[in-house]
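Chemist: Line by line, the protein sequences give chains A and B. Number 176 in numbering that gives the first Met the number 0 belongs to position 177 of the first sequence; there are no gaps in the numbering. Number 98 in numbering that gives the first Met the number 0 belongs to position 99 of the second sequence; there are no gaps in the numbering.
Hints may be right or wrong, so weigh each one.
Straight-line Cα separation of at most 25 Å, DSS-like style, residue types lysine-lysine; simulated pairs [claimed, not checked]:
| hint | chain 1 | residue 1 | chain 2 | residue 2 |
| --- | --- | --- | --- | --- |
| 1 | B | K172 | A | K39 |
| 2 | B | K39 | A | K39 |
| 3 | A | K19 | B | K196 |
| 4 | B | K38 | A | K19 |
| 5 | A | K37 | B | K19 |
Hints in this document: simulated from the structure, not taken from any laboratory. Remember, it's a predicted structure, so these values are computed and weren't measured experimentally.
Protein chains: 2
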Amino acid sequence: MVQKSVAGPEIERLIQLLTKLPGLGPRSARRAALHLIKKKEQLLVPLADAMGVAVSEIGICSICGTVDTSDPCTICADPKRDSSVLVVVEDVADLWALERAGAVKARYHVLGGTLSPLDGVGPEDLNLTALVDRCGSGDFSEVILAISATVEGQTTAHYIMDQLSPLGVNVTKLAHGVPVGGELDYLDEGTLAQALKARTQF
Amino acid sequence: MVQKSVAGPEIERLIQLLTKLPGLGPRSARRAALHLIKKKEQLLVPLADAMGVAVSEIGICSICGTVDTSDPCTICADPKRDSSVLVVVEDVADLWALERAGAVKARYHVLGGTLSPLDGVGPEDLNLTALVDRCGSGDFSEVILAISATVEGQTTAHYIMDQLSPLGVNVTKLAHGVPVGGELDYLDEGTLAQALKARTQF
Chain A
0 MVQKSVAGPE
10 IERLIQLLTK
20 LPGLGPRSAR
30 RAALHLIKKK
40 EQLLVPLADA
50 MGVAVSEIGI
60 CSICGTVDTS
70 DPCTICADPK
80 RDSSVLVVVE
90 DVADLWALER
100 AGAVKARYHV
110 LGGTLSPLDG
120 VGPEDLNLTA
130 LVDRCGSGDF
140 SEVILAISAT
150 VEGQTTAHYI
160 MDQLSPLGVN
170 VTKLAHGVPV
180 GGELDYLDEG
190 TLAQALKART
200 QF
Chain B
0 MVQKSVAGPE
10 IERLIQLLTK
20 LPGLGPRSAR
30 RAALHLIKKK
40 EQLLVPLADA
50 MGVAVSEIGI
60 CSICGTVDTS
70 DPCTICADPK
80 RDSSVLVVVE
90 DVADLWALER
100 AGAVKARYHV
110 LGGTLSPLDG
120 VGPEDLNLTA
130 LVDRCGSGDF
140 SEVILAISAT
150 VEGQTTAHYI
160 MDQLSPLGVN
170 VTKLAHGVPV
180 GGELDYLDEG
190 TLAQALKART
200 QF
């Protein structure tokens, strides 16, 4: 439903734009807008500033493809990271998730999506040429494909494998299994079958 | 959980501020931030602009207490509205909800909350003096209390009634009953009892 004109067009434009954020529908966008307007000094002003800074400062890292305010990004420029391991992810959100897990202190490569012929996403739409170049340099002893276990993700992983195999680089992938804290009851058969197949000694 | 430093502090500040919006938790704030950064030209730039405009232009209407870019607000300045009816609401969100319903084309008065002694909200914290002044002017033939049917809301309504009764103004309140589209099964006993009591001829 279109918001009727009960306030100035500026407020309606703010609501309309907030509706485009993932996780906010028309109702929650209105609530968010009202919250912002009420907390003008504590929230609206700093958020407007932060967005202004983001507009002017945030860009894409020319090495790995993540978003950051510096180029090369914080991760590519970090000398303490293991430069012999490259983790390939679909998206910046996946990179952030892996960093939160803190399981690997290595370099990253962000593809920017997965191959999806039905949606018209081909190899030329992904950050693949740069990946092959980076792997061809011989700097990496291992390339970990941290790509979703979806059909598109696995298709993309196989395509990358085909591209990298002539280079003789060691390519690995994430383990399948029961999520930590997960109940067997709620798991699909595919996951259970994989978890059984890859069982380890207790 | 605190977001680890995987991107510049500017991105983390943006995420942190987005987390403070109602409806966005840490995870959805990260998603929203990433979405904004990816859709820089289509979304981040216009949203930053809209917020900048909101910061500089939006204020509180000196007559009714709603938020708007003009003072008096769009509603108070609208000559087509019925100036003899005043609808008293708790909050700007309630005013917007009533306007979306489109059921009344009258004037409004926004209290800015409800009386809540436990939370330290007394009559002096609400926009009550202005309400009594407006009602005392004799402009309004009816004052509709469109206040929530909660304990605090009803306490506030009774307090307003006490304040307005010496002025001899006709004060009404919203009807209780079955919500349109509501199933009897899911309604509480209080609502059902009120709906039965206020039954009308079919």
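Chemist: Each hint needs a verdict: does it hold in this structure or not?
Modeler: Hint by hint, here is what the structure shows:
Among the hinted pairs, K172 (chain B) with K39 (chain A) is inconsistent with the structure: their alpha-carbon atoms are about 32 Å apart, more than 25 Å. Taking the CA atoms of K39 (chain B) and K39 (chain A), the gap is near 23 Å; set against the 25 Å cutoff, the hint holds. Distance restraint check for K19 (chain A) and K196 (chain B): the Cα-Cα separation of roughly 45 Å exceeds the 25 Å cut-off, and the hinted pair is therefore not satisfied. With a C-alpha separation of about 10 Å, the suggested pairing of K38 (chain B) with K19 (chain A) holds against the 25 Å cut-off.
About 13 Å separates the Cα atoms of K37 (chain A) and K19 (chain B), which keeps this hinted pair within 25 Å; it holds.
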